[in-house]
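Assemble the whole structure, with the sequences as input and the hints as a guide.
Protein chains: 2
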Amino acid sequence: MSLIVQKFGGTSVKDAERLRNVAGIVTDTYKKGNQVVVVVSAQGDTTDDLIEKAAELNERPSKREMDVLLSAGEQISMSLLAMAIEKMGFPVISLTGWQAGVQTTSKHGVAGIKKIDTERILAELDKKQIVIVAGFQGISKYDNITTLGRGGSDTSAVAIAAALKADLCQIYTDVDGVYTADPRIVKNARKLDEISFDEMLELATLGAQVLQNRSVEIAKKYNVNLEVLSSLTKAKGTKVVEVTKMEKMLIKGVTKDTSIARISVVGVADVPGIAFRIFDLLGKKDINVDIILQSIGREGTKDMTFTVSAADADYAAEALREGSELLKDKEILVDKNVAKVSIVGAGMETHSGVASRMFEALYDAGINIQMISTSEIKISVLIDKSEADRAVIAIHDKFDL
Amino acid sequence: MSLIVQKFGGTSVKDAERLRNVAGIVTDTYKKGNQVVVVVSAQGDTTDDLIEKAAELNERPSKREMDVLLSAGEQISMSLLAMAIEKMGFPVISLTGWQAGVQTTSKHGVAGIKKIDTERILAELDKKQIVIVAGFQGISKYDNITTLGRGGSDTSAVAIAAALKADLCQIYTDVDGVYTADPRIVKNARKLDEISFDEMLELATLGAQVLQNRSVEIAKKYNVNLEVLSSLTKAKGTKVVEVTKMEKMLIKGVTKDTSIARISVVGVADVPGIAFRIFDLLGKKDINVDIILQSIGREGTKDMTFTVSAADADYAAEALREGSELLKDKEILVDKNVAKVSIVGAGMETHSGVASRMFEALYDAGINIQMISTSEIKISVLIDKSEADRAVIAIHDKFDL
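From first to last, the protein sequence lines stand for chains A and B. Counting from 1, position 399 in the first sequence corresponds to residue 399 in our numbering; the numbering is continuous, with no gaps. Counting from 1, position 308 in the second sequence corresponds to residue 308 in our numbering; the numbering is continuous, with no gaps.
Simulated from the structure, these hints should not be mistaken for lab results. Since the structure is predicted, the reported quantities are computational estimates derived from the model, not experimental observations. We put the beta carbon where it would ideally sit given N, CA and C, even for glycine. Be aware that one or more of the hints could be misleading.
[To be verified] Using C-beta positions, here's what the derived DEER-type ranges look like: (1) 31/B / 375/A: 50 to 58 Å; (2) 311/B / 63/A: 40 to 48 Å; (3) 112/A / 17/B: 16 to 24 Å; (4) 107/A / 119/B: 23 to 31 Å; (5) 292/A / 119/B: 48 to 56 Å; (6) 311/B / 311/A: 48 to 56 Å.
[To be verified] Computed list of lysine-lysine pairs in DSS-like fashion (alpha-carbon distance at most 30 Å, straight line): (7) 165/A / 187/A; (8) 53/A / 53/B; (9) 53/B / 141/A; (10) 284/B / 14/A; (11) 284/B / 63/A; (12) 128/B / 127/A; (13) 14/B / 127/A; (14) 63/B / 32/A; (15) 115/A / 284/B.
In structure tokens form, the structure reads like this:
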């Protein structure tokens, strides 16, 4: 007997037919003698519908009330899934975030899981129940409903698996695993049997949209046995493991992220402390900065260029203009017409020539590189947004993935 | 400064425009220096939509999961109303049933309120917040979400008003008060300025659909200052009070209830204990019986006839057939084609001739009476369903209401 956590995303539970399909997967696992905890997202477009309803009334609603509103989405999907499982004759109970003991920070909209009090889940498992838990949501110490931010159901599932010391955590999505590139862009993209936590982390961060990166961080920290697979096919998924088996393929995948923006602060004084001032201002506003480039300008000035998520771009520019006397009359340029294309693979650093092959692929395709950023296991370039797909294909071909 | 509880039903919050209207009423009350607790139902057809979604998956879902599902409805409406109030610049917070301390029995679908732990509501009022509470829902001692049954938001509002010792509890609906008859049927129906708890209780029980009867019972028990008024007009509503002022009008209203059924058990043995056996069987199935008529049959047998709600009728007949050896081969007739028409008014018993005037009105209209039931403040007759509206008009005219 194993304890298995299974997570199903919004498209997997979007209507009655899909819910019945998920009920089939869950009960098959239960029938084999396993204990099963299911984590669900809100149905298909529910979250978007609720956001639209809110926007009709208030374009800037408080994050607390937004959390109350959005958390109703999983409450609906989890009870419907429970009913589908009841219909098949199995014992089942659904639990909201607060009922399941998911304790979070008080940061509404982007709360972090602090602790999971597993008492209720364990009690229900002891009663031989299939336990369904609302993903994406929790409760703060002030008894307020919180949400973990978009895609947070992955994090819920992995955190619950870690807290329960589950034997396996399966993330069911609408793709059947992790690919060397987005199969919608690169026709000959290949599914990976295995990927390491670190590689997955870079892929998640870089916009592969398979797993939320916080979920991968938790999986790595608690060494959760993680698997990504499709709720619609019976195909083998991708296992996310501590260290992948030795294999000749160095590069695990190519990804693109088009929801970013480049901000340039032009002609700031070339004196110490400017970088600190800029990134301190942004940090205080909870704006994450990715690639940073500092160029020497002329006549004692320099340009600072960096990337942020597209959603944060205008807010970031405003924060800089208003936050500092040194910056307020400087030219601050925001360019949302950019994309970041990256290659990821552990051990990349010990293999020379990887970067140059990537750049060569882009050169051959006539694509101009605006910025470059590297880490131990990834190389990212910033390019024009309209060339992102071509870049992914060119790189994928060059490395023969 | 007064503490005022305001309850808004589903039609009052059905869309963005209505929510803004409600936000206006609430903030007007708050602006006058009052503390305001708002109780909301789910938006318009949300509950029906959710029931339909459930029915697609399971025609007999467990009541526990149904409560989880339906309670999402108020969570949506309360957060949207909070956002509309935020937009107008007022401090506001929404609380679910469990957050607001609404403790109920564990009887899912028809839970009763046991106690309201007002700590959280009072803390938020102390912070000068407008407090919105989800109606219709609560939490059992096992930390499960419960609902109070359809229309339960009235009960939530009155119970919260009682627990907070509120100065006033206003029930906003889509009618602007309590009328002498349904204005959709009787064109010259008149709005009452006042009605007593007992009269209101009879009206609520008899299908007037203005207030849920449990809410009136609680209001009577705790002497809650209750008012029924419209969220759409500025018209004065109807006050529900302990004892109405002396006034010459004896009869307060005429009502009809068409969602009932008549059940006849034909030719049972005329021996002691038969009535006990029948109503004990029904009581054990939680089926409420209303009017009862026992007629002497022939050759040592009798017929038992009684009314139940139409929804319970088939279930009741089945319970009788299966529940007793004495009844299983008896003819059990179910007639759903009936209506109950009633007149209500305190002091009726001390005025002779009221019943005969009612019967005269029906006789003049050529309407046949099947059964009669009386109490201190009401007289009900069972008639053919198709004649219900004509009966209400005839009686209303006869008493010149």
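Evaluation of the provided hints:
Separated by about 57 Å at the C-beta atoms, residue 31/B and residue 375/A satisfy the suggested range of 50 to 58 Å. Between residue 311/B and residue 63/A the CB atoms are about 42 Å apart, so this pair conforms to the stated range of 40 to 48 Å. One distance hint, 16 to 24 Å for the beta-carbon pair residue 112/A and residue 17/B, is violated here, with the actual separation near 38 Å. Restraint check, residue 107/A to residue 119/B: a C-beta distance of roughly 24 Å satisfies the suggested window 23 to 31 Å.
Separated by about 49 Å at the C-beta atoms, residue 292/A and residue 119/B satisfy the suggested range of 48 to 56 Å. Distance hint check: the CB atoms of residue 311/B and residue 311/A are about 50 Å apart, consistent with the given range 48 to 56 Å. Distance check on the hinted pair: residue 165/A and residue 187/A sit about 38 Å apart at the alpha-carbon level, beyond 30 Å; violated. Taken as a hint, the residue 53/A and residue 53/B pair is honoured in the structure, with Cα atoms around 20 Å apart against an allowance of 30 Å.
Annotation: proposed proximity of residue 53/B to residue 141/A is violated, straight-line Cα distance about 33 Å (limit 30 Å). The hinted pair formed by residue 284/B and residue 14/A fails the criterion: a straight-line CA distance of about 40 Å is larger than 30 Å. For the hint pairing residue 284/B with residue 63/A, the CA-to-CA distance comes to about 48 Å; that exceeds 30 Å, so the pair is violated. Between residue 128/B and residue 127/A the CA atoms are separated by roughly 45 Å; this puts the pair beyond 30 Å, and the hint is violated.
Restraint check for residue 14/B and residue 127/A: not satisfied, since their Cα atoms lie roughly 41 Å apart, outside the 30 Å limit. In summary, the hint linking residue 63/B to residue 32/A is supported, as the alpha carbons are separated by about 28 Å, within the 30 Å threshold. Between residue 115/A and residue 284/B the alpha-carbon distance is near 45 Å, which puts this suggested pair outside the 30 Å criterion.
When the structure is compared with the earlier hints, violations turn up for hints 3, 7, 9, 10, 11, 12, 13, 15 and for no others.
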